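Student: Generate coordinates for the entire structure from the input sequences, incorporating the hints supplied.
In order, the protein sequences belong to chains A and B. Going by the working numbering, the first residue of the first sequence is number 1, and it counts up by one from there. Going by the working numbering, the first residue of the second sequence is number 1, and it counts up by one from there.
I should point out that these hints are in silico values taken from the structure, not numbers from a laboratory. Computed from a predicted model, the values in this text were never measured in an experiment. Worth double-checking, as some hints may not be accurate.
As the list claims (entries may be wrong) - Here are the simulated DSBU-like cross-link-like pairs (lysine-lysine), alpha carbons at most 35 Å apart as the crow flies:
id: 1; chain 1: B; residue 1: K5; chain 2: A; residue 2: K23
id: 2; chain 1: B; residue 1: K423; chain 2: B; residue 2: K378
id: 3; chain 1: B; residue 1: K55; chain 2: A; residue 2: K60
id: 4; chain 1: B; residue 1: K397; chain 2: B; residue 2: K325
id: 5; chain 1: B; residue 1: K398; chain 2: A; residue 2: K26
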Amino acid sequence: MKDNELNNLEGIIFELVKDLLQKLDKEVPSCLSLDSSLYRSGLGLDSLDTATLSAMLENKFGLDPYSQGIFPHTVREIVNFYKDR
Amino acid sequence: MIFQKLREIAEARPDQLFLVDQVYSFSYEDAVNRVIKIAGQLENSKEDLVYLYLKDGCDLVLLLIAIDLLGKKACILNRQMAEVDFAAIFHKVGPGILISDTKFDDAVSGTRIISYSDPLWHESFPDSKKEYNYPVDRENDLIILTTGTTGLPKAALYKWETIIKQIRPNKRDLQEVWLLVSPLNHFAGIQVLLHSLVNGNALIIPPSRSFEDILTYIQKYNVDSISATPTFWRFFSGKYTKDLGPLNLKQITLGGEASTPELLEKLRGIFPKAVITQVYATTELGSCFSVKDGLPGFPLEYLSRPVGNVKLKILQDELYILSTKAMLGYAGGDVLQRDNDGWIATGDIVEIVGDRVLFRGRKSEIINVGGVKVHPLKVEAVILAIPGIKNVRVYGKKNPITGQIVAIQVEISDDVSSEAIEKEIRFRCQSSLGRYEQPRLIEFVSSIPKQNQKIIRR
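Tutor: Okay, structure coming up:
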C-alpha cells in the first residue's frame with residue numbers, strides 16, 4: 001500500500017471513530033491518536049459500543065475485524081486489519 | 001354456502017351492485033347468472049379441489065363462488081409465489097386442477113392446468129338456468145395459504161360457514177361500498193369479500209394497490225369502507241392531501257399488524273367522520289376481536305371476559321387465544337400447537353401498561369442484543385412519531401459482539417434532510433428507549449420491503 005493510500009485509510013478510520021463517539025454522545029478526546037486504546041483506558045467503548053463500531057466498519061468496508069475473529073485494541077490495529085486486505 | 005348467500009341477495013335486491021373491477025361490473029343478479037355459467041364449464045372435471053392462480057378481480061371471485069356451487073374445494077395460490085413452489089403446495093394440500101390466467105408448464109407443476117384465458121370461458125357458456133344439487137356436508141371448502149415468511153406456506157382448512165359466522169352485519173341501514181386492498185389469497189381479503197357478500201354490499205377491486213389507483217377507485221365508486229394493514233394506511237395517509245378531492249370514508253379498519261398511536265391519531269385527523277376499527281385476526285384463528293376506541297392495543301378488561309369470537313389470556317408475555325371459530329386444521333401434516341386446554345399461542349408479545357394491553361411485536365421478531373430482548377414495535381412507535389418519517393423497519397442485524405444489534409431502515413419525506421432526521425432519531429431514542437433498544441445502524445432507503453402489505457421485520 002502506498003503512503004498516500006495509507007494516510008487516506010487512517011483518515012477514513014479516524015473519521016469513523018469520531019462519528020461513532022459523536023453518535024454515542026461521548027466526547028472526542030483532543031489527544032485521539034493511532035495508539036489510542038478503544039476500550040476502558042482509552043475511548044471507553046463497552047460491548048454495545050463495540051458492537052456499533054463493528055457494524056459501522058462492516059457498513060463502510062463490507063467486512064469488519066470482529067466478525068473475522070480479530071479483536072483490535074487500538075485505532076492502529078483497525079487500520080492494520082484493512083491495510084492487509 | 002356462499003352461492004346461497006349470493007342468490008338470497010339477488011332475489012331480494014337483483015340490481016344491487018355486487019362486484020366491480022377494471023373490466024367488469026356485476027349486480028347480484030348478473031353475478032348469479034355468470035356463476036352458474038362458469039360452474040357449467042367446470043362441472044365435468046373430476047377433481048374435487050381447484051387451485052386458482054388469477055389476479056384479484058371479478059373472475060377470481062366468481063370462480064370461487066362457482067367452485068362452491070359445485071361442491072368443490074378452492075385454494076387461491078399466492079400471486080407472488082414462485083412457480084417452483086407450486087408442486088410442493090400441491091403435494092401438501094392434495095391433487096387438483098389449476099385454473100390460471102398465466103401460462104405454466106404442466107410438467108413443472110405436476111397438475112392439470114386449465115387456462116382461464118381460453119375463449120371457451122367467455123363464449124360458449126351453457127344455459128344459466130340450470131339447477132345444481134347443492135352439496136351440504138363437506139369437511140372443508142376453502143384452503144387459505146399462510147404468507148410463508150419462513151418457508152413453504154402452511155395451508156389452513158376452513159369451511160365458508162365458519163368464516164361467515166365471524167362476520168358482523170352492516171352497522172348502518174345503508175349499503176356499504178368496500179374497496180379490496182388485502183389480496184384474496186389472504187385471510188383478510190376473503191373476509192372483506194364475505195363481509196360484502198353476506199351483507200349485500202358492493203366490493204370494488206382496484207387494478208393495483210398503487211396510490212393513484214386506490215384514490216381513483218375510491219372517488220369513482222364512492223367507496224366508504226376500507227380494511228387494510230397499518231403499513232398500507234401509513235402509506236395512504238402519508239400521500240393523501242385534501243386538494244386531491246374529498247373522500248367519503250365512514251369505516252377504516254386496520255388489521256394484520258399492531259397499529260401505532262401516531263397512525264391512529266393521523267387517521268382521526270384526516271378522516272374525522274370515519275369509525276376506526278382495529279381487528280385482531282390470523283389465518284389460523286380468523287377474525288378474533290376488535291377495538292373501536294381508536295387507541296393502540298386493547299382494554300385490559302378484555303382478559304376477564306369473552307370478546308368477539310374468542311377468549312384471551314397472557315402467558316409469559318405472549319397472547320393466547322381460545323376460539324370456537326378457528327380453522328379446522330392444517331393440510332399436509334402441519335400442526336398448530338395448542339396447550340392442554342386448547343389455547344393457541346399467537347406469537348404476539350404483549351405488555352400490560354395501565355388499563356391497556358399493548359402489542360410489542362412478534363415473538364419471532366424479538367431482537368436479542370447481548371441477552372437483552374428488544375421489541376421492534378416499541379422502537380417503531382418512537383421513530384414513527386417523528387415528523388418527516390414516512391415508514392420504518394426495525395430489525396435485528398447479526399453482530400459478532402452482541403449477537404444482534406438494532407438496525408433500522410427509514411423512508412423519509414422529500415422535504416426533510418437525512419442528517420436532521422438522523423439527529424432527531426438519536427435524540428428521541430436516547431430519551432425514551434433503553435441503551436440496548438436504541439438503533440445502532442440507521443439506513444435511509446427509498447422503499448421498505450413488504451409482503452402482503454406488511455413490513456418484513458425479520
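Student: Among all the numbered hints in the text so far, which are the ones the structure does not match?
Tutor: 1, 3 and 4
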